[in-house]
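According to this note's numbering, the sequence shown is numbered sequentially starting from 1.
Treat the hints as calculated values from the structure; they're not laboratory data. Be aware that one or more of the hints could be misleading.
In silico DSSO-like cross-links for lysine-lysine, where the CA-CA straight-line distance does not exceed 27 Å [stated by the list, open to error]: (1) K89 <-> K76; (2) K89 <-> K78; (3) K76 <-> K39.
Just so you know, these numbers come straight off a predicted model, no measurement behind them.
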Amino acid sequence: MTEIHPGQRVAVLVDAQNLYHSAQSLYSRNIDYSSLLEKAVQDRQLTRAIAYVIRADAPEEESFFDALIDIGFETKIKEIKTFSDGSKKADWDVGMSLDAVTLANHVDTIVLCTGDGDFSRLCSHLRHEGVRVEVMAFESSTADELVEAADTFLDLGERHETFLL
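When you get a sec, could you build the whole thing from the sequences and use the hints?
Pasting the structure below:
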């Protein structure tokens with residue numbers, strides 16, 4: 001495992017939907033994306049910071065998307081899909097995974113900000129390719145297999161005063 005050093009090139013990929021729901025259900029608060037990005041980078045060289053968001057036609061979401069851009073994130077926006085039975089679905093699992101695999105040749109470390117266990121196989125693949133994988137999420141809502149697949153795990157809940165608004 002590669003240790004953290006200032007010369008490392010880092011990509012930060014944020015599953016905003018996952019973090020939002022975890023922060024709301026555990027603390028009824030929102031994520032401080034500025035603090036999240038700062039901790040993820042840790043004085044290393046930021047190559048890309050991407051926040052994967054869902055457009056749900058909520059009144060405040062455009063200002064949220066703009067705030068992410070002001071902080072330094074590139075936003076990737078997906079429209080929520082409503083099915084004939086009334087159910088709704090939108091997730092970025094495939095998009096985040098493809099971006100991570102594409103970025104793997106251009107960075108030393110990928111920081112995944114999600115607790116979704118679907119990304120555990122991605123972690124294993126990236127590590128096999130020689131990329132350091134760090135995961136930042138709330139431990140109580142993070143899949144064990146994701147924690148085990150990463151090089152390091154940072155529990156946002158241990159420092160919720162830093163990572164929540």
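Going down the list of hints, with the structure as the test:
Straight-line distance between C-alpha atoms of K89 and K76 comes to about 16 Å, which keeps the hinted pair within the 27 Å bound. With a C-alpha separation of about 10 Å, the suggested pair K89 and K78 falls inside the 27 Å cut-off, and the hint holds. Taking the CA atoms of K76 and K39, the gap is about 21 Å. The hint holds against a cut of 27 Å.
Going down the numbered hints, you'll see the structure goes against none, and every one checks out.
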